[in-house]
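J.: Every letter in the sequence shown is one number past the one before it in the working numbering, and letter 259, counting from 1, is 259.
These are calculated hints, taken from the structure and not from any lab test. On a predicted model such as this, the values are computed, not experimentally measured, just so you know. We put the CB at the ideal spot given by N, CA and C, even for glycine. Worth double-checking, as some hints may not be accurate.
Stated by the list, open to error - Distance windows between CB atoms, simulated: (1) S180 to P66: 33 to 41 Å; (2) R53 to S180: 33 to 41 Å; (3) R179 to L156: 27 to 35 Å; (4) F2 to V69: 36 to 44 Å; (5) P42 to P80: 24 to 32 Å; (6) E22 to G96: 31 to 39 Å; (7) A99 to R248: 37 to 45 Å; (8) R73 to D134: 39 to 47 Å; (9) V197 to D173: 17 to 25 Å; (10) H238 to R204: 20 to 28 Å; (11) P182 to E241: 17 to 25 Å; (12) R204 to E82: 20 to 28 Å; (13) R68 to D173: 26 to 34 Å; (14) A122 to H187: 30 to 38 Å.
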Amino acid sequence: MFVDLNADVGESFGAWTLGHDEALFPFLSSANVACGFHAGDPVTMHATLKLARQFGVGVGAHPGFPDRVGFGRRLLEAAPDEVYADVLYQVSALAGMAASMGVPLRHVKAHGALSTRGWTHAPTAEAIAQAVRDVHPALPLVVLPATLLETEARRLGVPVVLETFPERAYLRDGRLAPRSMPGSSIHDPQEAARRAVTMVKEGRVQALDGGFFEFEVDTLCIHGDNPNAVEIARAVRHALEAEGIEIRAFAAPHLSSPEVPS
């Protein structure tokens, strides 16, 4: 058995985030790099790409709403054409920067409220998926299973990578529990590790509102802004490997076209 282990990175400024990310990268096989809208900036993006290259970690773009104050976690009532343009801009920016460094762009994953909006709002989901497809038709989109974002991506022929979160609580319908709910975030590394093993081996997680949510999983995500992210990533990786589960980047096509040089 094998699974990808990813984290959201480059989500701040200066020395703190780079030192934090440098400690996180050894445990990852993929990384989602903030593209400057909800967090990050060109200098941080460049430095984060250098870290990914150094540690041999697969790189993905992590576009969000233009909401630095709210860290991209506030819902913005953006029209589909705005969502499309914002995602296209952010992914293209990171793709160009990565290409200049010889780092291939392997996937895209929407951040925060942009992703959440795409779970239940078809026009937003379509706009995200169309933007990814227009950057490159073979570029995979990382999605939460059983959402409209998965549905629209598949309808448009965009490859999907199914993601779950061992350090976030779920509801029975497969949505992540709102952060306002008690117990919605898991900060104990050993509990996150236990959940990660169950997710990969059993394909399910106990829901915060009772019962279980069942799913397929290609990649597990650790939120880089979790104060215990490094400890959680270490515990998750060690627990999975102790169960004989290999950590490796999910399969992605080699993107070598004028749109996304590699």
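J.: I'd like to know which numbered hints this structure contradicts. Please list them from smallest to largest.
T.: 1, 6, 7, 8, 11, 12
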